[in-house]
Amino acid sequence: MNFLQITQPIPELYSNVVFHIGRLPVTNSMTSTWLAIVLVFVFVFFLRKHLHIFSKSKIQTCFEVIIESVVGLLDQVTNNRERSEKLFSIIASIFLFFLLSNIITLIPGLTSININGVALFRTATTDFNTTLSLAVFVVFLSQLASIRSYGFFAHIGEYVQFKKVFLGFKESIGQGFLAIINFIMGLLDIIGEFAKIISLSLRLFGNMFAGEVLMVVIMSFLSFIAPSLLIAQTLLIGGLQAMVFSVLSAVYLNLALGENNDSESQVNSIINN
Amino acid sequence: MEGLSPEAAIYIAKGMCTLSMFGSALAEGYLIGKALEAIGRNPEVSGRIFPMMILGSALAETSAIYALVVALIM
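From first to last, the protein sequence lines are chains A and B.
Numbering of the first sequence is given in the working numbering, commencing with residue 1 and proceeding in unit increments.
Numbering of the second sequence is given in the working numbering, commencing with residue 1001 and proceeding in unit increments.
Simulated from the structure, these hints should not be mistaken for laboratory data.
Be aware that a few hints might be false.
So the derived list for chain A, only partly shown, Cβ under 7 Å to chain B, looks like this [what the hints assert, rightly or not]:
1. 203
2. 206
3. 207
4. 239
5. 240
6. 244
Derived DSS-like pairs: lysine-lysine, alpha-carbon spacing no greater than 30 Å straight-line [what the hints assert, rightly or not]:
7. A/163 x A/196
8. A/56 x B/1034
9. B/1014 x A/196
10. A/170 x A/196
11. A/196 x A/164
12. A/86 x A/56
In this text, a Cβ means the ideal position worked out from N, Cα and C, and glycines have one as well.
Could you put together the complete structure from these sequences and hints?
Put into structure tokens, the structure is as follows:
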């Protein structure tokens, strides 16, 4: 009688434990994370075997388009071809991983596989742990890159600017007070680093989780045509949020690597031409 | 305010979370309007402005998404 509407419980914030390996509990978001990783590996090895220059397969063209667009975005961020090639491998792998794990549950029937009443797969990014761990990884990597390009003490000196206060008071009283204000701003930057982690991870998690909740709500109104529009939107949002995450991490890494000698390389290219 | 139960307070708070949509919608409208203005002034760079516009609107959405997370946790 009520066949137009399907009521489901709103999905939980945490993921459920499917089985144990030794003492390690394996949750359903972990299984889908590993499924995404395995799929990326299979794609990449398949592509490497069938790489052609002249008779391109369709899937190779598809991947070339993805790679070209990622490099183009990186060029807009870094303004330097050399550096964007340096950042390319990590940014592209973050992008491919999130793209696949966002849209992997759109495969029909994948979420209905149950083991003892617990779904085996769940969109990995609707578990906060997945996005938080990647965000922590990106921010720590940017810290390490900053230490490597500036040196350890110069990097710490960006946050705790004792030296600049000392130099400022040596010059004049006014400069000294300006340096004290900069000192407090530097301390705020430490909080800013943690805010980066929170904002990066919550953005992706919130978007994907909102998609799942919206799906349940729409299904309780009308469960026949309306969800297909929402699935299309999920595809779009999944790709977009993967792009946002990877571009923002490229921005952080680019800031950490310091000034690029862009004008110098441009001059060199003009001279060479 | 004696008759207000804790559950009712939670629902009121959840409703207040939707206020953040106001700021997010304003930001997105402003951003897309400005991007269209720029494209209208210089149509050749539309290929470079359009991805930045999409990126910016995804960023402007973020505050509403934070509010959604808060509303879901409550």
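Hint by hint, here is what the structure shows:
At a threshold of 7 Å, the smallest CB-CB gap from residue 203 of chain A to chain B is about 5 Å, leaving the interface hint in force. With 7 Å as the threshold, the beta carbon of residue 206 of chain A comes within range of chain B, its nearest partner Cβ sitting at about 4 Å, so the hint holds. At its closest, the beta carbon of residue 207 of chain A sits 6 Å from a beta carbon of chain B; the interface hint therefore holds under the 7 Å criterion. The beta carbon of residue 239 of chain A comes no nearer than 10 Å to any beta carbon in chain B, farther than 7 Å, and the hint placing it at the interface is violated.
With a cut of 7 Å, the hint placing residue 240 of chain A at the interface with chain B holds, because the nearest CB-to-CB distance is about 5 Å. Checking residue 244 of chain A against chain B: minimum C-beta separation of about 5 Å stays under 7 Å; hint holds. Pair hint residue 163 of chain A plus residue 196 of chain A holds up; C-alpha atoms about 26 Å apart against a cutoff of 30 Å. Among the hinted pairs, residue 56 of chain A with residue 1034 of chain B is inconsistent with the structure: their alpha-carbon atoms are about 40 Å apart, more than 30 Å.
Between residue 1014 of chain B and residue 196 of chain A the alpha-carbon distance is near 26 Å, which keeps this suggested pair within the 30 Å criterion. Taking the CA atoms of residue 170 of chain A and residue 196 of chain A, the gap is about 35 Å. The hint is violated against a cut of 30 Å. For a cut-off of 30 Å, the pair hint linking residue 196 of chain A to residue 164 of chain A stands: about 25 Å separates their Cα positions. This hinted pair checks out: residue 86 of chain A and residue 56 of chain A have alpha carbons roughly 26 Å apart, not beyond 30 Å.
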